[in-house]
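Protein chains in written order, with my numbering: chain A, 1 to 376; chain B, 377 to 957.
These are computed hints drawn from the structure, not numbers from a lab. One or more of the hints may lead you astray.
Taking lysine to any residue pairs in the SDA-like style, the calculated list, with each CA pair at most 20 angstroms apart, reads [unchecked claim]: (1) A:Lys251 x B:Trp403; (2) B:Lys380 x A:Thr134; (3) B:Lys419 x B:Asp485; (4) A:Lys216 x A:Leu95; (5) B:Lys440 x B:Lys725; (6) A:Lys255 x B:Ala763; (7) A:Lys255 x B:Gln595; (8) A:Lys255 x B:Lys438; (9) B:Lys419 x A:Arg262; (10) B:Lys409 x A:Val294; (11) B:Lys419 x A:Leu254; (12) B:Lys438 x B:Thr606; (13) B:Lys380 x A:Tyr305; (14) B:Lys380 x A:Ser133; (15) B:Lys380 x A:Arg262; (16) B:Lys724 x B:Lys907; (17) B:Lys852 x B:Asn954; (18) B:Lys791 x B:Gly767; (19) B:Lys419 x B:Leu591; (20) A:Lys251 x B:Lys852; (21) A:Lys255 x B:Lys786; (22) B:Lys416 x A:Arg262; (23) B:Lys381 x A:Val294; (24) B:Lys460 x A:Tyr234; (25) A:Lys251 x B:Arg421; (26) A:Lys255 x B:Arg421; (27) B:Lys624 x B:Leu591; (28) B:Lys380 x A:Thr248; (29) B:Lys419 x A:Tyr234; (30) B:Lys778 x B:Ala763; (31) A:Lys251 x B:Leu594; (32) B:Lys786 x B:Asn732; (33) B:Lys419 x A:Val41; (34) B:Lys409 x A:Leu336.
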Amino acid sequence: MDKKGLRALFEVKHIDWLAFTAPVLLSVLGILTIYSATRPVLDSIHPSYYIRQSIWLVIGLTAMILTSMFDYRRLLRYSYPVYVIGLLLLLVTILFGHKGMGAQRWLRIGPVSFQPSEVFKIILIIALSKYLSTVRTPLTYWQSIFSFVIFGMVPFVILFSQPDLGTAIMLLLIMLVMLLCKGLERRLVLSSLIVLLLLLPLTGKTIWNGLKDYQKNRLVAFIDPGVDPKGIGYQIEQSKVTIGSGKTLGKGYLKGTQGPLRFLPEKHTDFIFAVFAEEWGFVGSLLLLSVYMVLIIRGLETAYYSKDVFGTLLAIGISVMFLLYVSINIGMTMGLMPVVGVPLPFFSYGGTALLSNFIAVGLLISIRKHRFTLFY
Amino acid sequence: MRNKKRTLYIFVYLTLAVMCIFTLRLWQLQILKGDYYRDKSIKNRVRVIRLPAPRGIIYDRKGKALVRNAPYYIVSLIPELTEKVDTKALSQLLGMTEEEILDRIKKHDPHSLEPIRLKEDIPFREVAYIEARRSDFPGLIIETDITRQYPYHETAAHLIGYLGHQMGNKRMSDGDELPEGTFIGQWGVEHLYDKALRGQPGRKYIEVDALGRQLRTLQIIRPVKGQDITLSIDLDTQMAAERAFGGKSGALLALDPNTGDVLAMVSLPSFDPNIFIKGVSEKQWRRLLRNPGHPLLNRVFQSQYPPGSVFKVITAIAALQEGIINKNFKVKCTGEIKVGRWRFRCWKKGGHGIVNLRRAIIESCDVYFYEVGRMLGIDRIAKYAFAFGLGRPTGITLVTEKRGLIPTTKWKLEKKGRPWYLGETFNAAIGQGYVTITPAQAAILISALANGGIVYRPKLTLPEPSEVISRLPLRKKIISFMKDALLGVTEDPRGTGWRARSEHVRIAGKTGTAQVISHTDDRQPSRIYPKDHAWFVAFAPVSNPQISVSVFVEHGGHGGETAAPIARTVIEAFLKGNRNG
């Protein structure tokens with residue numbers, strides 16, 4: 001086992017260079033865009049976001065290389081205990097975390113702020129993949145309920161009460177997609193759909209009441225941004241202005257105005273795609289989208305090549321995660337979806353997310369590399 | 377895993393579908409609506425500040441400034457930032473009620489990028505006070521404009537006019553685009569020469585951030601000052617003329633008979649143009665409109681009255697030029713003349729006895745001119761009246777003019793459907809009945825006599841070429857005879873205009889009285905005024921006319937009583953101040 005791992009380290013030709021390059025390229029572009037978006041307007045100091053993100057890039061890159069050398073199958077052993085630890089960490093965050101923008105999402109360890117929910121994404125995908133790889137297809141009724149509650153409802157409730165609605169919804173979606181991939185009984189899927197539809201008016205109201213005001217506003221603003229262009233529709237409108245004003249070739253790097261002059265809120269985090277689109281235009285935006293497309297399709301291809309069910313589910317989980325994050329984030333900035341606080345993978349400012357996304361790609365590389373090795 | 381390959385293909389297609397949707401959306405935002413959003417992003421960060429152009433100054437002929445430019449401060453709100461302003465605190469700062477502020481914000485056109493004006497014409501002390509507290513109110517700005525002060529208040533107000541706020545965005549006929557709230561000339565010379573006086577406002581483009589902080593200046597287009605204008609009027613003469621009316625209503629126009637330059641233009645009662653600067657309140661406006669003295673009416677050009685005996689000048693010239701009579705033609709005035717059942721009286725009961733033309737002019741004998749009128753016929757009188765510029769606009773562009781009326785047989789048939797009667801010729805020959813003229817036309821008439829028969833278009837500025845409207849083919853002898861007769865009006869012991877006699881200068885003139893006893897004021901038909909209107913036309917010096925003047929005094933009685941002294945005052949004031957001219 002150890003010998004095998006050691007040998008794999010030197011099998012450089014099996015490294016998936018495409019999957020390796022894409023996230024590095026994306027995060028470098030991301031740091032450049034963060035640098036541009038946070039340019040000071042008066043002669044003050046440039047905020048250090050881009051430096052911190054660069055440090056996180058080094059850490060993330062290291063983590064990706066280490067993860068890719070590591071045989072992903074060794075995760076099987078630790079996945080459940082780690083999942084429990086992950087849930088506890090989320091609870092601790094609610095109790096002791098510090099606040100940012102009306103939500104309790106960060107844990108502070110020394111000088112570093114740390115967002116447990118970002119790491120938890122990977123932990124959940126690994127644990128769920130393990131569970132699903134140990135049961136038969138299709139899942140029995142009880143197995144379905146069990147996985148839905150343990151891997152779906154429990155983290156959802158905890159995240160929802162942080163409140164981190166964005167991540168909560170994302171994880172629920174990832175879980176549902178993975179369950180469907182594994183295979184559920186058709187009757188179960190149909191009946192739960194019907195129940196869901198029937199309950200929707202009821203739960204809809206409960207959920208609506210449970211939402212914070214800013215979350216309600218985002219939904220209202222999405223449905224009709226013209227309601228109050230200075231208030232709740234402001235973000236969406238300004239995001240569209242930012243993207244649209246880039247036109248075909250963009251305003252040029254460091255020439256964007258919407259971010260630095262603060263017309264676009266959340267310019268270096270959730271709305272960073274708009275800043276990129278403003279400076280690089282239609283052409284640049286399409287190139288950026290294709291890098292994401294390559295990464296996602298490469299992940300799906302990895303799932304196809306994987307010889308074991310765990311690897312397949314893991315790769316699907318990771319690819320679907322990227323697909324969902326990219327679609328919802330960019331869809332939001334383009335005004336195609338309500339504003340949900342979801343970062344753009346590798347691009348948005350945020351160290352924990354960068355780290356866990358690099359680990360996720362490391363896992364994909366590992367799965368691809370081990371596609372030729374036989375089961376022990 | 378159930379059918380791994382199919383499942384994965386679903387995801388691949390899903391990914392491609394998402395990318396397609398995003399590509400289409402990007403196409404829509406960046407290519408199709410790219411210009412729109414580029415424009416919006418520029419409007420976000422670029423704020424345009426108008427730099428007002430100093431308006432050209434209006435001077436009198438001696439170089440005295442008739443108007444002054446003054447800074448005008450306006451407290452405004454940037455429309456995009458109205459949400460962020462604490463209106464309650466703002467109401468205390470500006471000393472307005474909160475409702476007033478909210479009302480102004482509500483009334484502002486949501487599509488306009490112009491700042492919302494909250495309070496205008498703020499004194500400088502208050503500007504400093506507000507400026508010091510401005511940082512507490514994002515979006516609060518102090519705009520500076522340039523406005524006018526009219527230091528002479530009611531003097532020549534009808535001529536100078538006033539500025540007012542532009543209502544709504546407007547593209548001027550001269551091509552300048554003026555946003556709402558800018559000052560434009562709305563009356564008088566300020567209006568007539570607005571384009572030249574206005575200058576070219578400058579613009580300052582500054583970059584601002586979302587908090588409304590001004591980051592840097594992007595571009596400055598400096599304003600270009602408007603052109604100064606020198607009017608032909610003489611302020612001293614103007615003021616002397618206004619004083620001479622002694623509070624009576626009326627009109628006066630003094631011209632340079634050799635050029636058509638307006639030397640003084642009086643219409644009383646007048647108004648103070650300064651009240652229009654702040655935007656005249658509805659109450660003030662109503663008071664001006666309802667004022668029975670009609671202060672906004674420019675009586676010089678916009679009111680018309682029977683000229684009375686002033687018109688005898690025309691009748692006399694017509695008769696001489698047509699060869700109907702010579703200067704020795706005599707008539708015995710018995711105090712009246714009979715036509716059928718009607719009696720036409722002379723103003724002097726008992727009559728003038730036997731009079732020749734000169735005496736008839738000096739003593740203003742009506743019966744003499746009845747007789748001459750009968751011999752001439754109305755149409756020949758009218759021909760000369762037209763030649764002297766009566767019955768048509770003088771051609772000034774300052775205001776819309778009344779034309780006056782010179783009746784003819786054709787006119788009567790067309791308008792009244794009846795033939796002309798002899799009695800009407802009698803009335804017309806002495807300037808009563810249908811005949812009406814404006815005070816401006818009276819001035820043109822006497823100028824044309826003074827300069828030997830040239831009708832000039834009256835003009836307001838210097839230097840400006842004179843424009844001859846028509847020349848009368850009058851014989852020199854007739855002109856010198858008429859001048860001598862009109863001199864007699866003021867200098868002869870029995871002359872009706874003896875009150876215009878001056879120790880300093882020889883003045884020729886003619887009195888006139890417009891009867892109003894049986895005639896109601898058409899503006900207020902219910903009211904009958906007790907006294908006739910007084911006319912006096914004059915020019916001086918007789919030998920070398922420098923100034924001609926028409927004076928009209930509402931209800932001034934006989935022309936010789938009230939109008940003649942005013943004419944003398946104006947002539948003396950002008951000649952004293954412009955001796956070399």
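Status of each hint after checking the structure:
1. Taking the CA atoms of Lys251 (chain A) and Trp403 (chain B), the gap is near 16 angstroms; set against the 20 angstroms cutoff, the hint holds.
2. A hinted pair counts as satisfied when its Cα atoms are at most 20 angstroms apart, and Lys380 (chain B) with Thr134 (chain A) qualifies at roughly 17 angstroms.
3. At roughly 17 angstroms between alpha-carbon atoms, Lys419 (chain B) and Asp485 (chain B) fall within 20 angstroms of each other, so this suggested pair holds.
4. Under the criterion of a C-alpha separation no larger than 20 angstroms, the hint pairing Lys216 (chain A) with Leu95 (chain A) is inconsistent with the structure, at around 25 angstroms.
5. Distance check on the hinted pair: Lys440 (chain B) and Lys725 (chain B) sit about 50 angstroms apart at the alpha-carbon level, beyond 20 angstroms; violated.
6. Straight-line distance between C-alpha atoms of Lys255 (chain A) and Ala763 (chain B) comes to about 74 angstroms, which puts the hinted pair past the 20 angstroms bound.
7. Restraint check: the Cα-Cα separation between Lys255 (chain A) and Gln595 (chain B) comes to about 18 angstroms, which is no more than 20 angstroms; the hinted pair holds.
8. Note on Lys255 (chain A) and Lys438 (chain B): the hinted pairing is violated, with a Cα-Cα distance of about 58 angstroms set against a maximum of 20 angstroms.
9. About 14 angstroms separates the Cα atoms of Lys419 (chain B) and Arg262 (chain A), which keeps this hinted pair within 20 angstroms; it holds.
10. For a cut-off of 20 angstroms, the pair hint linking Lys409 (chain B) to Val294 (chain A) is broken: about 28 angstroms separates their Cα positions.
11. The straight-line distance between the Cα atoms of Lys419 (chain B) and Leu254 (chain A) is roughly 19 angstroms, inside the 20 angstroms bound, and the hint therefore holds.
12. Between the alpha carbons of Lys438 (chain B) and Thr606 (chain B) the distance comes to roughly 9 angstroms, so the proposed pair stays at or under 20 angstroms and holds.
13. Taken as a hint, the Lys380 (chain B) and Tyr305 (chain A) pair is honoured in the structure, with Cα atoms around 10 angstroms apart against an allowance of 20 angstroms.
14. Only pairs whose Cα atoms come within 20 angstroms are accepted, and Lys380 (chain B) paired with Ser133 (chain A) is accepted, the gap being roughly 13 angstroms.
15. For the suggested pair Lys380 (chain B) and Arg262 (chain A), the alpha carbons sit about 47 angstroms apart, so the restraint of at most 20 angstroms is broken.
16. The suggested pairing of Lys724 (chain B) with Lys907 (chain B) holds, with an alpha-carbon distance near 17 angstroms, which does not exceed 20 angstroms.
17. The suggested pairing of Lys852 (chain B) with Asn954 (chain B) is violated, with an alpha-carbon distance near 28 angstroms, which exceeds 20 angstroms.
18. The straight-line distance between the Cα atoms of Lys791 (chain B) and Gly767 (chain B) is roughly 15 angstroms, inside the 20 angstroms bound, and the hint therefore holds.
19. A distance of roughly 15 angstroms separates the Cα atoms of Lys419 (chain B) and Leu591 (chain B); the hinted pair therefore holds under the 20 angstroms criterion.
20. For the hint pairing Lys251 (chain A) with Lys852 (chain B), the CA-to-CA distance comes to about 83 angstroms; that exceeds 20 angstroms, so the pair is violated.
21. The hinted pair formed by Lys255 (chain A) and Lys786 (chain B) fails the criterion: a straight-line CA distance of about 80 angstroms is larger than 20 angstroms.
22. At most 20 angstroms may separate the alpha-carbon atoms for a hinted pair to count; Lys416 (chain B) and Arg262 (chain A) meet this at roughly 14 angstroms.
23. Note on Lys381 (chain B) and Val294 (chain A): the hinted pairing holds, with a Cα-Cα distance of about 18 angstroms set against a maximum of 20 angstroms.
24. Our distance criterion of 20 angstroms between C-alpha atoms is met by Lys460 (chain B) and Tyr234 (chain A), whose separation comes to about 14 angstroms.
25. Taken as a hint, the Lys251 (chain A) and Arg421 (chain B) pair is honoured in the structure, with Cα atoms around 15 angstroms apart against an allowance of 20 angstroms.
26. The hinted pair formed by Lys255 (chain A) and Arg421 (chain B) meets the criterion: a straight-line CA distance of about 13 angstroms does not exceed 20 angstroms.
27. With a C-alpha separation of about 61 angstroms, the suggested pair Lys624 (chain B) and Leu591 (chain B) falls outside the 20 angstroms cut-off, and the hint is violated.
28. For a cut-off of 20 angstroms, the pair hint linking Lys380 (chain B) to Thr248 (chain A) is broken: about 40 angstroms separates their Cα positions.
29. For a cut-off of 20 angstroms, the pair hint linking Lys419 (chain B) to Tyr234 (chain A) stands: about 15 angstroms separates their Cα positions.
30. Pair hint Lys778 (chain B) plus Ala763 (chain B) holds up; C-alpha atoms about 17 angstroms apart against a cutoff of 20 angstroms.
31. For a cut-off of 20 angstroms, the pair hint linking Lys251 (chain A) to Leu594 (chain B) stands: about 17 angstroms separates their Cα positions.
32. Proposed proximity of Lys786 (chain B) and Asn732 (chain B) is contradicted: the alpha carbons are some 32 angstroms apart, above 20 angstroms.
33. Between Lys419 (chain B) and Val41 (chain A) the alpha-carbon distance is near 17 angstroms, which keeps this suggested pair within the 20 angstroms criterion.
34. With a CA separation close to 16 angstroms, the supplied pair Lys409 (chain B) and Leu336 (chain A) stays within the 20 angstroms bound.
Violated hints for the displayed structure, listed by number in ascending order: 4, 5, 6, 8, 10, 15, 17, 20, 21, 27, 28 and 32.
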